[in-house]
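Those protein sequence lines, which keep their order, are chains V and U.
Per my numbering, the first sequence starts with residue 2, numbered consecutively.
Per my numbering, the second sequence starts with residue 33, numbered consecutively.
Check each hint, because a few of them may be wrong.
[Stated by the list, open to error] Straight-line distance between alpha carbons at most 30 Å, and here's what the computed DSBU-like set of lysine-lysine pairs gives:
id : chain 1 : residue 1 : chain 2 : residue 2
1  : V       : K79       : U       : K102
2  : V       : K72       : V       : K12
3  : U       : K130      : V       : K63
In short, the hints are calculated from the structure, not lab data.
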Amino acid sequence: EAGVVQSPRYKIIEKKQPVAFWCNPISGHNTLYWYLQNLGQGPELLIRYENEEAVDDSQLPKDRFSAERLKGVDSTLKIQPAELGDSAVYLCASSIGANTQYFGPGTRLTVL
Amino acid sequence: TQLLEQSPQFLSIQEGENLTVYCNSSSVFSSLQWYRQEPGEGPVLLVTVVTGGEVKKLKRLTFQFGDARKDSSLHITAAQPGDTGLYLCAGARTSYDKVIFGPGTSLSVIP
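Input sequences plus hints: build the corresponding full structure.
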């Protein structure tokens, strides 16, 4: 069974540019999470979806970050415009309800 | 202020040694999880503990949940280079709360 797929794996952009990350969860997993992980830290939740509904986006900086999960499967996380402090690893995870979360390999973003 | 504290932050040991890492909080958790994360990968769940005082074993790894459900420990016996990674604890205060991660302990096992 395929795991959580994320792309791209690495992205380098200049500040003020837009960037988008894509996540394909495990088939059948209705819950999808986007996390931000800074170097030497644990993941921090940005947004959680139940099917296509964002049920917790309290930690998503809505002035520059947006996310969507059309049709309740794949999801895209966007940053526009990117700032230097956005450099981090962006992790996607999926689960069936509140059960075990399975993480993708992450996208490492570097903002120059 | 971190809701979950982990110690030590870094640990470097020789192959064959034993070690214990800790996860502490001032809050009570309904469940705690331990993950291992290797460089360039996402965290992988090792175990979930839900009962105060619970002890779970996974081969050379022993996990314990404190009686008051505020802390947990992970003990590794005879560490191997393959144990190298970032060990994260994570918890939910209720079954409806989001899971919160600690900052992790970075373990390096030297052959």
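Comparing the hints with the structure gives:
At roughly 36 Å between alpha-carbon atoms, V/K79 and U/K102 are farther apart than 30 Å, so this suggested pair is violated. Annotation: proposed proximity of V/K72 to V/K12 holds, straight-line Cα distance about 26 Å (limit 30 Å). A distance of roughly 19 Å separates the Cα atoms of U/K130 and V/K63; the hinted pair therefore holds under the 30 Å criterion.
Taken one by one, the earlier hints fail for this structure only at number 1.
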